[in-house]
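Engineer: Chain residues, written in single-letter form:
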Amino acid sequence: MKIRQLSHFIFFVTAGGALLLSILFSIAVYFIAQAEAVKDSKTMSNDLISAVNASASAAAFSGNDSVANDVIDGLLSTDLIYSVRFFAYADEVSDGFVVFKETEQAGGGLDDITRELISPFDDDVIGELTVKPNRAWVASEAADRALFLVTMSVTVIFGSSLLAAQVIRILITRPIVKAAKQVNSISLSDDAGIEIPAYLNENEIGALIDCFNTMLYGLHSAILVERSLRTDMEEVQERLEQAKIEAERATIAKSHFLANMSHEIRTPMNSIIGFMDLALESSKLDSDSRQQLEIANHSAQYLMRLINDILDVSKIESGKLELDESPFDLSELLSEIKELMGIKATEKRLDLRLTMPANLSRAYSGDQFRLRQILINLVGNAIKFTQQGTVEINVESGVNDSFTFAVCDTGIGIPEDKIQHILAPFTQVDASITRRYGGSGLGTTISAELIGLMGGELLIESEPDVGSRFYFTISLPPCGTMVISKAIDGKTISSLNHLTILVVDDTNENVKLVKIRLEKQGHTVYQASNGHEALELVQQHPFDLVLMDINMPIMGGIEATKAIRQLAAPICDVPIIAMTANALEEETRTIIAAGMDDVVTKPIDFQRLFSVITNLVPNATLTAYQGEKTQSVDNTQLIDIQFGLATWQDEQGYHKALFNFAENNQSLANQLDALASARDSDGLLNELHKLKGVAANLGCQRLTSICEIFEQDIIESGKGWPQSDLDGLQTCLQKTLDTIHNLPVPQSKEPSSESAVEGSSNTLEKLNQLKVACEKYDPDMAEIAFSELSSSLSGTELIALGTAIKNFDFNLAIRLVDELKHKL
Amino acid sequence: MISRLILRLLLLFSTHFIAVVAMSSESKWLVVVHHESALTSLTHKQVMSLFLGRAKFLPSGERARALDFPIGSDVRAGFYQSLTGKNIADIDAYWARLQYSGKASPPVPMSGSDQILQLVGKESSAIAYLPSHLQSQIAEHGLKVVFTIDSQQ
Chain A
1 MKIRQLSHFI FFVTAGGALL LSILFSIAVY FIAQAEAVKD SKTMSNDLIS AVNASASAAA
61 FSGNDSVAND VIDGLLSTDL IYSVRFFAYA DEVSDGFVVF KETEQAGGGL DDITRELISP
121 FDDDVIGELT VKPNRAWVAS EAADRALFLV TMSVTVIFGS SLLAAQVIRI LITRPIVKAA
181 KQVNSISLSD DAGIEIPAYL NENEIGALID CFNTMLYGLH SAILVERSLR TDMEEVQERL
241 EQAKIEAERA TIAKSHFLAN MSHEIRTPMN SIIGFMDLAL ESSKLDSDSR QQLEIANHSA
301 QYLMRLINDI LDVSKIESGK LELDESPFDL SELLSEIKEL MGIKATEKRL DLRLTMPANL
361 SRAYSGDQFR LRQILINLVG NAIKFTQQGT VEINVESGVN DSFTFAVCDT GIGIPEDKIQ
421 HILAPFTQVD ASITRRYGGS GLGTTISAEL IGLMGGELLI ESEPDVGSRF YFTISLPPCG
481 TMVISKAIDG KTISSLNHLT ILVVDDTNEN VKLVKIRLEK QGHTVYQASN GHEALELVQQ
541 HPFDLVLMDI NMPIMGGIEA TKAIRQLAAP ICDVPIIAMT ANALEEETRT IIAAGMDDVV
601 TKPIDFQRLF SVITNLVPNA TLTAYQGEKT QSVDNTQLID IQFGLATWQD EQGYHKALFN
661 FAENNQSLAN QLDALASARD SDGLLNELHK LKGVAANLGC QRLTSICEIF EQDIIESGKG
721 WPQSDLDGLQ TCLQKTLDTI HNLPVPQSKE PSSESAVEGS SNTLEKLNQL KVACEKYDPD
781 MAEIAFSELS SSLSGTELIA LGTAIKNFDF NLAIRLVDEL KHKL
Chain B
825 MISRLILRLL LLFSTHFIAV VAMSSESKWL VVVHHESALT SLTHKQVMSL FLGRAKFLPS
885 GERARALDFP IGSDVRAGFY QSLTGKNIAD IDAYWARLQY SGKASPPVPM SGSDQILQLV
945 GKESSAIAYL PSHLQSQIAE HGLKVVFTID SQQ
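Line by line, the protein sequences are chains A and B. Read in order, the letters of the first sequence correspond to residues 1 to 824 in this note's numbering. Read in order, the letters of the second sequence correspond to residues 825 to 977 in this note's numbering.
Since the hints were derived computationally from the structure, they do not count as laboratory data. Please note that a few of the clues may not be correct.
Label-pair ranges, simulated between beta-carbon atoms [unchecked claim]:
| hint | chain 1 | residue 1 | chain 2 | residue 2 | range |
| --- | --- | --- | --- | --- | --- |
| 1 | A | Ala106 | B | Ser897 | 49 to 57 Å |
| 2 | B | Ser897 | A | Asp144 | 54 to 62 Å |
| 3 | A | Asp91 | B | Glu964 | 31 to 39 Å |
| 4 | A | Glu36 | B | Phe881 | 46 to 54 Å |
| 5 | A | Asp91 | B | Glu860 | 26 to 34 Å |
Chain B side only, calculated, beta carbon under 10 Å to chain A, not exhaustive [claimed, not checked]:
| hint | residue |
| --- | --- |
| 6 | Lys869 |
| 7 | Leu876 |
| 8 | Gly877 |
| 9 | Gly909 |
| 10 | Asp914 |
| 11 | Leu922 |
| 12 | Tyr924 |
| 13 | Ala928 |
None of these values were measured; they are calculated from a predicted model. For glycine and all other residues, C-beta sits at the position ideal for the given N, C-alpha and C.
Please work from the sequences and hints to get the whole structure.
Structural biologist: Laid out in structure tokens, this is it:
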């Protein structure tokens, strides 16, 4: 029951009870009052009778009825008496009489009250007086008394209730309200509690408030605990947040690391595979070496595929993989795959079959490289898991340009409960499979993901020991007349004109590989180890093409390209091809945005590189010599190697001469300074003449021109030649010398002995620098010293030295340096 | 002091004694009627009824005519004292109550014993009282005694 309802209930019960009780009380009071009134009426009647007794006696004695009447009227004149009967006895001397009278009021009388009348003069009874008290008087008297009593009681009860209420209000309600106010305004942050008047301490209210204070104290403690918990929680949360940020940072770092590592891994792999290809192309190998090299090459290529797979998986997982759609010839693609995989099938004595519709169009739009990757994966797996029988590639065309590709085998099959398993990354059917057949387990995952990207789904039907069928349906819309970018083979390339190509890469092995491959095609190759050098070189020499690495020290490929595109007209138009290991879509976009013309991924697929070159430089010969026709001092080449070579007719000799020139003129700048400050015009003229002659011979055209101008100025103005002439000469001389140092060392039949001879003092100095760096265990310094050294040295020792430095094997490096010094 | 108090007490007693002696000298009363009346004697009750208004008639059947000594006289007071044992004030109060109604007929006061003697001697319905020391004159006025009050009896 609610308190409101309860209070109503209590009110009605109390009020009803009080009403009933007061009615009963009033009735009781009335009856009591009536009894009292009856008694009183008797007493008062007796009193009245006594009062008239003397007169009545006299009247009775004298037989005087008129006095009796007076007495009766007197009695009846009060409300008390209802009726009077006066009876005077008769005797020998008196006749006696009776008088009876009653009041006119209604109501009737009560019981008779009779008094004997005694003679006034002796003891004789001479008569009697009988009265009846008035019932109406009794009733009204009783009512009056009851009313008075009830009124009095009500007044007293009401008054005492008011008094009690007031007392309760003052003593109980008010402190409770006060306590309630305190409760209301109490702050849970302090443990103040509620104060109560001392007189309440002993009673129930005090006990209640004590309980409340106890609870308050408990609450306060709880709040303190909660607050500290919250603080702890916040701390934990902060730590979690921190950990989350760190984890995210770690993920980003991981992504970067992965990208960098793929670059780092691909670069040496690139050179391994490249050099092995190169070695295998050589006919000098004996059969054992060839076999070993082939195994090594095979392994390296397998490793490369594995790395590519892992990179693909990470790209797919981060959603970065995008399809590159272009027109391609489907039937040719399928034939290639059959041819490629046919070798493996033949090795395992399996029959590889290809069935496809006869009416295939020439060109379809799609990502042929990814489709190839899928099919090679599936066919590779089929061959791998089939011991005998056939592997079949089945292509069927469906509606809406759809094609269903199916790869069926008669291999070991897959248990039904494991089919979904094999699509998860790094998973094969079971661990024993991994042991028996090897493999990363990535191929199927990548294929399934790629098919998903193409809008299809890789479906698998398989029965253990009978065979498997992997199939998928994708849409390949035909495209009518578009030119198909076909891979152009080496033969086509070799028929191209000879080009002058600048290769920019900080990794010496890469440069060498590219250089060797390009030179085999008959191109002239220059090299630069960073963007800054490349920028200098393109201004000194006209190039038909620049191959630019992206990540390089000092100045990267992007920056260098932007700078080149800012240069004057003929130079800025040079085609630039990026070489990058980070073949991510994003990076490709950045590269193209920087102004490069195309991208070739590392390890370099030379077939693709050649085709890209053919597309970009159709008339290479014409462009190559255009730059030479407009010459001025500023625009003259620093060193015209073509001219020098033409003059010298001997590459080795020319380079030797250039290096000697550089070595001999290291201190020339100081000499010129000394002569200039002494204003020794003759001395200067002498030196300038000598310099001009040698420079002209070596094709150092800008230096020649400047020397000529300076000579002219001295001849014309004597000692008044302008300072700018000397400054210009100094700058140009330094540039020329630097360029000579940076020039690639020409290949020779005996590279070590040849290179050891040229500029041996300079090389020795650099070797010493390298040794010092190695002894200090300073990898950066060693790297720099090594890169300087690599421009003047070559050979197997150098490669070994480079490897040692990259591996931080400084002790080995020191030993190698000592060997090199010994050879010098 | 004590002797004086005793003296005073003695004085008080002596006065009282003297009064009693004086009253006792008047304590014999004679109720008389006409000598020819049929009445020979009356009872004390009859005398009381006749003089205090209860009896309106004589036992002989005649209307009684009671005579009284003057109001305030010692004789009258003495008589009613002897008759009723009550104070004359009570008797007067009695009559006053009755007279208030207008119907009362108290004894008719006379001027003195001489008038009473003469009137009773002439009227047969008259009845009166006399002190005992006038007994000697009763006969000569033609009266006869029908009741004697001797308060000392």
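Engineer: All hints are to be evaluated individually against the structure, with a verdict given for each.
Structural biologist: Status of the hints after comparison with the structure:
no.	hint	in the structure
1	A/Ala106 to B/Ser897: 49 to 57 Å	55 Å, holds
2	B/Ser897 to A/Asp144: 54 to 62 Å	55 Å, holds
3	A/Asp91 to B/Glu964: 31 to 39 Å	37 Å, holds
4	A/Glu36 to B/Phe881: 46 to 54 Å	51 Å, holds
5	A/Asp91 to B/Glu860: 26 to 34 Å	28 Å, holds
6	Lys869	8 Å, holds
7	Leu876	6 Å, holds
8	Gly877	5 Å, holds
9	Gly909	8 Å, holds
10	Asp914	8 Å, holds
11	Leu922	5 Å, holds
12	Tyr924	7 Å, holds
13	Ala928	7 Å, holds
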